[in-house]
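Participant: Place chains H, A and Z on chain Y using the hints.
Chains as they are written, first to last, in numbering that gives the first Met the number 0: chain Y, 0 to 268; chain H, 0 to 297; chain A, 0 to 313; chain Z, 0 to 430.
Treat each hint with caution, since some may be false.
What the hints assert, rightly or not - Each computed BS3-like pair below joins lysine-lysine, with the alpha-carbon atoms no more than 27 Å apart:
#: 1; chain 1: A; residue 1: 76; chain 2: Z; residue 2: 179
#: 2; chain 1: Y; residue 1: 148; chain 2: A; residue 2: 306
#: 3; chain 1: Z; residue 1: 179; chain 2: Z; residue 2: 207
#: 4; chain 1: A; residue 1: 127; chain 2: Z; residue 2: 179
Said to hold, decoys possible - Take a look, some chain H residues computed to stay more than 12 Å from chain Z by CB distance:
#: 5; residue: 12
#: 6; residue: 66
#: 7; residue: 76
#: 8; residue: 95
#: 9; residue: 117
#: 10; residue: 134
#: 11; residue: 154
#: 12; residue: 170
Unchecked claim - Derived DEER-like restraints, expressed as beta-carbon distance ranges:
#: 13; chain 1: Z; residue 1: 404; chain 2: H; residue 2: 62; range: 48 to 56 Å
#: 14; chain 1: Z; residue 1: 422; chain 2: H; residue 2: 141; range: 55 to 63 Å
#: 15; chain 1: H; residue 1: 138; chain 2: A; residue 2: 96; range: 15 to 23 Å
#: 16; chain 1: Z; residue 1: 426; chain 2: H; residue 2: 100; range: 51 to 59 Å
These are calculated hints, taken from the structure and not from any lab test.
These numbers were taken from a predicted model, which means no experiment stands behind them.
Don't be surprised by glycine CBs; every beta carbon is placed ideally from N, CA and C.
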Amino acid sequence: MSKIILTAHNLNKSFGAVTAASEINVDVAEGSCIGLIGTNGAGKTTFVNMITGYLKPDTGVITFNGVDITSLPPRKITQLGICRSFQIPQLYNTMTALENLEVSFGIIALQESKGALTTSSKAIIPSYGKTIRELALESIEKYGLLQYKDQATKILPGGVRKVLDIAMAMSTRPKILFLDEPTSGVSAEEKFDMMDMIMQVIRDAGTTVLFVEHDMEVVMRYSQRVLAFYEGKIIADDHPDIALKDDRVLKYIVGHSQAQHVLAEKSDA
Amino acid sequence: MSNLLIVLIDGINYAAWLFISAVGLTLIYGVMRVLNVAHASFYAFGCYVAVTLAGFWFSHNYPPHLSFFALFGASFVAGFIVGWILERFLLRYQYAKDEVVILLITYAVFLILDDVLKLIWGVDPYYASDPYELLGNFSVGEMIYPNYYLLMVGAALILGLGLTYMLKMTRSGKLLVSVIHDREISSAMGINVGRFFSLTFSFGCALAAIAGGITTPTISVVPGLGVDVIVLSFAVVVTGGLGSLPGTALAAIIMGVVRSFCVHYVPQLELFVIFSVMALVLVFRPRGLFSLAEARKI
Amino acid sequence: MKLDKSLVVMLGLLVAIFAASPWIPQWILFIITLAGANGLVVLGLMLFMRLGLVSFGQALFFCAGAYTTGMLSLLLKVSDIILLMVASGIIAGLLAYLLGFLLAKYRAIFFGLLSLAFSMILYGVLVKSETLGSTDGFTVNGLTILGLVPDPTQMKIVLFGITIIVVMASLLFVNMVLKSPRGLLLTAIRDNEIRAEYMGASAKSTIHLIYVIAGVLSGFGGAIAAMVSGHIDPNMTFWTTSGEFVFIAILGGIGSVSAPFIGALIFGVIQTIAYGYSPNTWQMTIGICLIAVILVLPDGLWSLMAKMRKNSRV
Amino acid sequence: MFSKKLLATLVLGASFGTAQAQAPAAPAAPAAPAELRIGIVSFLSGPGAAPFGVPARNTAEMLADAFNNAKAPAPYNVKGFGGMPVKLVVIDEAGSPTNVVTEYRNLVQRDKVDIVIGYVSSGNCLAVAPIAEELKTLTLMYDCGSPRLFEESPKKYVFRAVNHATADSVGAALYIKAIKPTAKTYSGLNQNYAFGQDSWSDFQGAVKMVMPQLQEKTSQMPKLFAGQYSAEISSLLESKSDVIHSSIWGGDMEAFILQAGPRGLFKQSSVILTGGEVSMFRLGTKIPEGTIIGARGPYGVYAPKSALNDWYRSTIIDRYNAPPNLAAYQMAHTFMATKLAFEKALAANGGNKPSSDQIADAMRGMTYEGPGGIHKFNLSNGHQATAEMVYGRVKHVNGQIQLVDQKRFTPDQVMPPDGVKAADWMASKKQ
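Here chain Y stands alone, though its shape is the one from the complex (with noise of 0.2 Å):
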């Protein structure tokens, strides 16, 4: 069992009456990759907002490798190695695919000068041994995007985007990945090489990733542990294979019929 390096300790978070989180407890395990699912409403993108410093629990501690990160800041957690995309993805609208990636890897030039006003964006980034430009082009090309490279992000295909989104959070270099449902949008044809893609890069650098999704094919195919939330509980946290067959997810998620299909294919396999 490898090392815990996220513990996540009753949180709780409501909106008015509505209840978003409640005691919900979760250790995620270096190296380990996590499917979040449950209905619209369940919780599952409070959690991750709540992990990822966007909304602060009401109670309940965050740590990451033994720092609590319960009240800090996106940037900061961000700085510390959790890294998220987005539901909707958010890019930079006015800027090319390529500048959005020169964009992310400019911040981490600027951290690493102390913001110096000197800072050249020709310069080699010191930890990573490469300028911005060349680590821009680099990721352009590992996350197949090269053709899209000098047009306006606002004009990119939604899975272009979705991509995209995905490889500005792995700019950073995270410890950690949260994808928000990173297969909505994506056409059926594309999600399977799309996702495939994606976890083989996360998995050669060795990144822990919890990812929101509806796709329960997704789920089994990608995921060793499933949370299950429904209102803001966490209703199972188990092997997909165990997970998927306890009867509230069945009940209030996943759905009889689809549960058989999925697992019946995946025995196939």
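Facilitator: Chains H, A and Z in isolation, oriented as in the chain Y frame:
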């Protein structure tokens, strides 16, 4: 020294004037997210229309007590028409632009209209104080006030409550509120957003003009009298929370009363009052007293 | 650090104008110098616009710079141009640094209007300070440079030279900032602040930094204006002055560091023509120009320059 | 390269400006070589236009025509300025002093005017004066009242052919002493900007000098162009002062009168409007009886009877069908003083066009008569003129207003002696 009642009366009276002057601005912003600098020109326009009509009215000895309706009505209509033209032929094509750019467009319009007014009415001051004196006075202790102040307070109340009623109760009001909350959805639901916009804008301009009309009998109408009003109105509207009627009302009252206190007790501070209040409020409530809620971004 | 063509041209042009200055009619020289002063302020506004912010109170720092110069020479009898310039920049920058803590939290219209409020408060303070001549302000004279006391005509040239130097330095500095990763970050923050934060950047401290830079630039601008026009008064921080700066920024566009100065120069010409040509309707003239630019050249005159260059290459 | 285009634009634009700058000038003859170009700077826009700028410009244009056609009575009957036709270049005074300074430079260096007459705002006067000295251009301030103009540093080319603001305040105090010796208390309502503040402190000084027994109650300083004075009026009413001093002008003054009249402020206290003459005829009987009206000097209705005054008034009324107000008179005086000084210098120069220095020498210490009577350039080593000061009280006579109880004060009563700062003078003379 002066007793509080007097201070309060002066404060309320000034507050009423501030509210009347600012309400059009906040309405337009609330609905269209347009901060209309030309508001100043419409205020001035209202003044000129009213003062001209008043001169005509009283020289022809029409029934003096009807003059109020004539004055206010005239400036309202005039403001509405010009406002409509402005929206229809210029602003309508700019909504895609950035909030601040639209603001600059209205600033340019303000510069232009200001000179247009000068070309029409020249630089001579006009006044029409008959309506002001018509109503006689009331007195608090031995302090005499013209009843016209009551009329201004009344006008402020009517405007405030009337608008609230329109937004809350009437059908088109409710539709308008939905437009305020989400343009795209509303137009998807088949609401003619464009029409609401031109109506709102014209109406807002009409309110600015009527504010001028109501003020006219107490002042002398001179070139450039809008400039001061627009800056004050900005302060009031922003302090109240852009686009919020109750906010505007509350801000007007606070500013009016605070100012009146200064005038009576520390006249030296009068000059800073308004903007200090504004800055203070914004420091503690960055989006003003009654700010519109913001939607989740991610 | 690589300089793009337009900047090189601009710098060359500045040197050329300075070389020619003895032969340029005084009144044109005066307009150009003032354009330099305004341009410095607008250069700051341009950085704000890169961030998607517009300040309706930048005149605050312009005025702060001017009054620093004025009061130092009036009360402490400091007369050296260079000393006054530096002091003005520092004071304005300091002021910006302090206000920045507050204003960096604000966005969109609120940023603009809160800065407006502060500039109007300063206006009130200055109007109230009768020892400084209230709205009359006071004259700034008896300037020296490095112990020399040039006669008025030479002084014009000296000030012009100083202006040119400050402008060139500012151009290079701002160019450096924009060419650094921070330059792209500004646009990123404008486009999507939340994402930028999630990538580890701090919008607040970036805005704060820009606020200080703009403050210092405006301080220089104010100092120059004070020394060149020889008179300062609270009007320098009145909201209409800030409005003029925004106008110039729109006029020039944010496409290049040179744009603000082009804009300022054109504005100077428009204004003086408007005054002479239509003394009764100069406001209208300026208003029409503003609308025309926004409708026809949404990216400012600079976009026109850029187009011309493209065509000339083709 | 675009940059060249830019310079071209600049220069073209500017020369274009020059060409056009002359367009709005008086309908004088087309530019002849031997014409004398006079820059007229005054408010043509904004609240200062109606009370000051426009009446003054009208007078300037009327006089220019009259002089060019030799229609004016003696001693101004010489054609033009000593035979030279005068050509006016009129520009707006509006904008910040920086703009005003820019436009002044353009007038002198681009439009090549020989003399500049103008400036209502004392801020602009103070801003322009040093430039006038620098450019060695004869410049006359026709309205602005700040004593600082000559007190801060002596001037060589700057003149003021009329009283400065001190005369308003001292005259007002003297008038109170004359007609209301029993007064105990006084208050003020002045606009919150330099002129308002200076007028008030001047009046305070004058009161200490003339009738020290007066107690100050309250000083209201509403924002310039505020327009709404209900709170201020309440506070003044509460102060129950015997005397209220106000230097408020233009639309603000009219608004103040309209708002305060019905509330009985003018019944309770004697209100002094130091510049009240400006709006006198437009407001007519709206100005309550007993209001004390000043005109900054022997101007308007206070002008002494003379052929010159009759000619001036009637010509202005014929041309603009409104009587000339104090600003018009100030312009008339300044313009006429310039003509005399110029012709004096011309003669001294053997009929050749005199230089600025020669005109300045001729004007320094000169005595001249205008529609407002005799004025002497006898202060600030001959650059600041002085004249008598007149105040009177409003009386309604069958729907018209008249000024009764007129009191005239000699120049040395209302203006400090030569070489003494106004403030010091008032301080030194207090009992």
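Participant: Under the constraints set out in the numbered hints, which ones does this structure not fulfil?
Facilitator: 1, 4, 5, 9, 10, 13, 14 and 15
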